[in-house]
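Sequence lines, in order, name chains A and B. Residues in the first sequence are numbered consecutively from 117, following this note's numbering. Residues in the second sequence are numbered consecutively from 452, following this note's numbering.
It is worth saying that the hints were derived from the structure and are not from the lab. You may find that some hints are simply not true.
[As the list claims (entries may be wrong)] In silico lysine to any residue, SDA-like type, Cα no more than 25 Å apart, as pairs:
| id | chain 1 | residue 1 | chain 2 | residue 2 |
| --- | --- | --- | --- | --- |
| 1 | B | K686 | A | S235 |
| 2 | A | K378 | A | G293 |
| 3 | B | K686 | B | D901 |
| 4 | A | K143 | B | K686 |
| 5 | A | K624 | B | K686 |
| 6 | A | K658 | A | K699 |
| 7 | A | K143 | B | T613 |
| 8 | A | K624 | B | A543 |
| 9 | A | K143 | B | D621 |
| 10 | A | K143 | B | A543 |
| 11 | B | K686 | A | D154 |
| 12 | A | K624 | B | G464 |
| 13 | A | K378 | A | R415 |
| 14 | A | K143 | B | D901 |
| 15 | A | K276 | A | I863 |
| 16 | B | K704 | B | D621 |
| 17 | B | K686 | A | L245 |
| 18 | B | K686 | A | K699 |
| 19 | B | K686 | A | R244 |
| 20 | A | K765 | A | G796 |
| 21 | B | K686 | A | K378 |
[To be verified] Computed footprint of chain A on chain B, listed as stretches where at least three residues anywhere in the stretch have a Cβ under 8 Å from a Cβ of chain A:
| id | stretch |
| --- | --- |
| 22 | 719-733 |
| 23 | 747-759 |
| 24 | 770-782 |
| 25 | 801-812 |
| 26 | 818-832 |
Since the model is a prediction, treat every value here as computed from it, not as a measurement. Every residue, glycine too, gets a C-beta built ideally from N, C-alpha and C.
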Amino acid sequence: MPDAGNTARDAIHGGVHNAIAHDSARKHVTGSALYVDDLPEPAGTLYAAPGLSTVAHGRIRNLDLSALEQAPGIVAVLTAADIPGRNDVSPIHAGDDPLFAEGTIEFHGQVLFAVIAESQEAARRAARLAKVTYEELPAVLTVEQALEQDLSVLPPHEMKRNDAAAAIAAAPHRLRGTFHHGGQEHFYLEGQVSLAVPGEDGDVTIYCSTQHPSEVQHNVASVLGRPANAVTVECRRMGGGFGGKETQASQWAAIAALAAVKLGRPVKCRLDRDDDMIATGKRHDFRIDYEVGFDARGRILGIAFEHAARCGYSADLSGAICDRAMFHADNGYYLDAVRIRSQRCKTNTVSNTAFRGFGGPQGMMGIEEVMDQIARHRGLDPLEVRKANLYGAAPRNVTPYHMEIEDNILPDLITRLEESAGYRDRRAAITHFNAENAYLKKGIALTPVKFGISFTTQHLNQAGALVHVYTDGSVHLNHGGTEMGQGLFVKVAQVVAEEFQIDLDQVKITPTNTGKVPNTSATAASSGSDMNGMAAQVAAQKIKRRLSLFAADKYKVSVDDVDFLPNRVRVGNQEIPFTDLVKQAYLDRISLSATGFYRTPKIHYDRATARGRPFLYFAYGAAVSEVLIDTLTGESTVTRVDILHDAGKSLNPAIDLGQVEGGFIQGMGWLTSEELVFDGQGRLRTHAPSTYKIPTCSDRPADFRIALLENAPNREETIHRSKAVGEPPLMLAISVFRAISDAIASIGDYRLMPALDAPATPERILFAVEDLRRRLQVRA
Amino acid sequence: MNAPTRPIRFLLGDEMREVADADPNMTVLGYLRQQERRCGTKEGCGEGDCGACTVALGALEDGQLVYRAVNACIQLIGTLDGKQLLTIEDLADEDGALHACQQALVAHHGSQCGFCTPGFAMSLFALYHGQDRIDRNRINDALAGNLCRCTGYGPIIAAAQTMRDGGALDRFARRRGETIAKLRTLSEGKTAMLEGAGSSYYAPRSAGQLAALLERHPDATILAGGTDVGLWVTKQLRRLNTIIYIGDVDDLKRISVGERWIEIGAAVTYTEALATIEEHHPDLAALTRRLGSEQIRNAGTIGGNIANGSPIGDFPPPLIALGSRLVLRRGDRHRELPLEDFFLEYGRQDRQPGEFVAAIRVPIADPARQLRCYKISKRFDQDISAALGAFVLTLEAGRVQEIRICFGGMAGTPQRAPETEAALLGKPWNRDAIEAACGALARDYRPIGDMRASASYRMNVAANLLRKFFIETTEPQARLGVMAERRAAHEHA
């Protein structure tokens, strides 16, 4: 063991695989971490507030803004007529996400105009003074209504392998069913916010809370009718993103930028929480219809899924989200004969968007419902059915999109978790408890996760980085990834520290900026550290190579005889401090700045035939959840959770454990207490934390055991053999929902499938209990 | 005759601030972020539900300096009078050494995006300074008003559990004497006053001053904890022209326990009332812990929960079931009425202009009378009830001698269930009687459906709560409550 006083010589501080604290931890706890709304405001800053529609569908007959214009403190009111460029902030330039609605209103809460005022309060107050006359049109609010009227934002898509219909027809056992699960509000604690500062030539710099600075840049440029190089977007950190600031930041950035350029003054657009929840997109809710044929052991022989997603009024990212739901309709199970159809329903509701998991959770919910259905039908423990259906050796290793599973570690992972969690004994104890207790019932479930890593839109799988080494040896790091709390910045900094073999505190983390690294992809799809880590490593390696060549030349040794040791470089027989070598290289006119670029290898996918390898690899995990429900009220609580999750060879186990726990609790909220309620007029009634209930402290299970899978390096050549960890853990929470279903099923001696949609609110649980009791009576 | 007044005075950290001409509608959060440029305190929701804006208020209670967490976003600036306001910027030492609660958050990886973190740190700070043992249930209660969307709470709980490991003596404790002395100089008997932007704010010190002010300004907004009125300002964008704050009226801050009644002054907060409630009506205390959050309970008052007339306030149903009475005052005239008679219809209460709620008189516990209250909501903590049922039962030789049932969330006001009560009164307390009474509930209530629950769930669950009450009184060994089970599990966590 190294002498403690000598550790700096034996290992750097903050290299990869170390449990390093978040780079901003100290700033977070002292309140000194700056979010966009905290930045010192330039003199003359104005404030924007949007005016929202009050009907879900209709035509604007008259937009009378005269009362606003005379209100105190108002500087300007902007409408579609003020847009010099394109009136569109859609992510795919579809033209279906107007910055300001013109003519037709497509959802309740759509932005009609923006008020620019001397104070935030004046802007908000004036925004309510508009007199709008609408010609109301019938509003389509549900997927059922949309399917009936054949309304969609994008054409349907199909994925298949073998003949599902024939396999189902020939199967000894068959079931069909319909299942709904709800959407989810991101509830990032920091709402949408942008501060636009005008420059010369009509240029503008925007400080924006966004996961996708490049897209904000492109959208703002397009709205302004200016080239992309006129717009710079910067983001140091977000107060949470979760997918909600991937495409949804553009509109508010564009309002601020439009006003800033027009008025020649800085303009901040920060949404009030209620406006944020009403006017920005959420997770897609799905209706899933299925038909399945299986054998006596519950092994699936053929299965057909019909997905119907509520996309809202525009396409946004619905195409890729619904595709990913299809890619995860199998979860970890081999489906020999399978057909998955997906409808992208258009409704007069806010346009749904990316949310952690990006369709994956929705797809998995379908197959996990089917697993329980089969188990109840056959009188089997659902875990046995799940295990019987897992991917295995060839030929049971091909996905519905014809990709071979090369690293199927799930069976082993599940076995380990089943044992460490004591599933069998607890199952017996729960059955006993349920027999003894009339009113409270317990349930348990183990569900797996297999989540595909890579953007399924191939060109997005690229990333860039920029690394400077200054003459004092300190390093400036920049890359295209954004920090939303997930710890990306510290992980990438660890990669760079590791590469140069310098202490982490020598690496300066800097805000994401479109002027430094251009044409970036969103920080999304869990790909942040995979891609930006690689790009930063490439940049560091370039500089290292130059330093090595320089050292070899100067000290007349072979380049192979130059070795980067902790905070120093061995050149032949001598060791030179890293800082000294850097200074020497500078004096010899060696470039100490480099860009790095990475493109994910191996992936390809032909959407027309729904075949290929859309993912570089899969991240795996499994969870056992135990719950308690009250059959008189429908209240429930999660009493214990055991998780075993695969983060490959973790870049930072502390950060990764945080992702696992936080993702799980967020998923638990989605499936239990978080309910989006739209009324008959299409108004969102749960538009604030008073009515929309994300988990709170006491909802964290009393007994919560989380472990990362050990000795499991990624088989693919990812950054230091780690695996992506942002999204996959959210889906571990499907075990909570299945455990609640299990508790209800106990009332029917586990032979009847509870009719339970998500989220499992007290109301849904109570009604599922009462429905099951009625079915029991009919049977008797 | 105008009583003498003085400006608002408070400590920001250790510095004295005197404000006479601010807009009384300004929130503490607006003051901190815009006037003081203290941007560590965040706005998450602007309605007191997320806790990102949590600050600690130090105040003298019975001569002791007590720190309590409140939501700066809905607290109006005037209510700082006489208090010490501490924000996240105050916690670390001048030399940069972190406070124990901050250090614990860092050590346990308690922040991810960091936006909620200052609020958590301030809630932890107040917990750190409290007298309570810090177990998981206490942590749950203390942090229920702080939402975190990133961590899943585990690391924050770990921070709370370990932050006192190095002892509980921090800089603020060491300076206690000095702070108390400063706070004493702030307080004196005059009515504190603010005038600005066309609005006036008065904080009288005695019920007499209050009565006189209200006679002069019968249309004034009476402000207590501000946990409802604050939202009129931040969400409805209403401008309050005249605000009369009752939180410094000594006569309304009293709790007295007599032979028949516990009299709770209208300005007593939930937090202040909790110990007395716990002693006399433990079931009501359990409900109190689920009402709002620590921040809301530190500011909100039982009087306000009644006076605002909400059909979904959590306290009126159990208070009505117990047979509580309300004391109102106008000028020098007092009147008293059964609490249930105060609620006339949705949005209308029996309170005249210039009149104010002075106190609530709650019957003291009677061993023969059983009280149970059941709160149903999507989330256990800090959620508004979909339905809340309160039951009081007295049995005599197995027969129902007294039954009082009151529900919240089932009608436009908190409402008794006369038909159901009639179906039970004088009957043997058995399952047949309960089933007959469940049938009668449908004649007592026609609830609406909304975002919290459908009408049909409300009716079903109301009947089941009556059944649950019956089971609880007849099968003492039955395991019945998910919430109780969870608290028991957290006891050992």
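To test your reading of the hints: which numbers does this structure violate?
2, 4, 5, 12, 13, 14, 15, 16, 18, 20, 21, 22, 23, 24, 25
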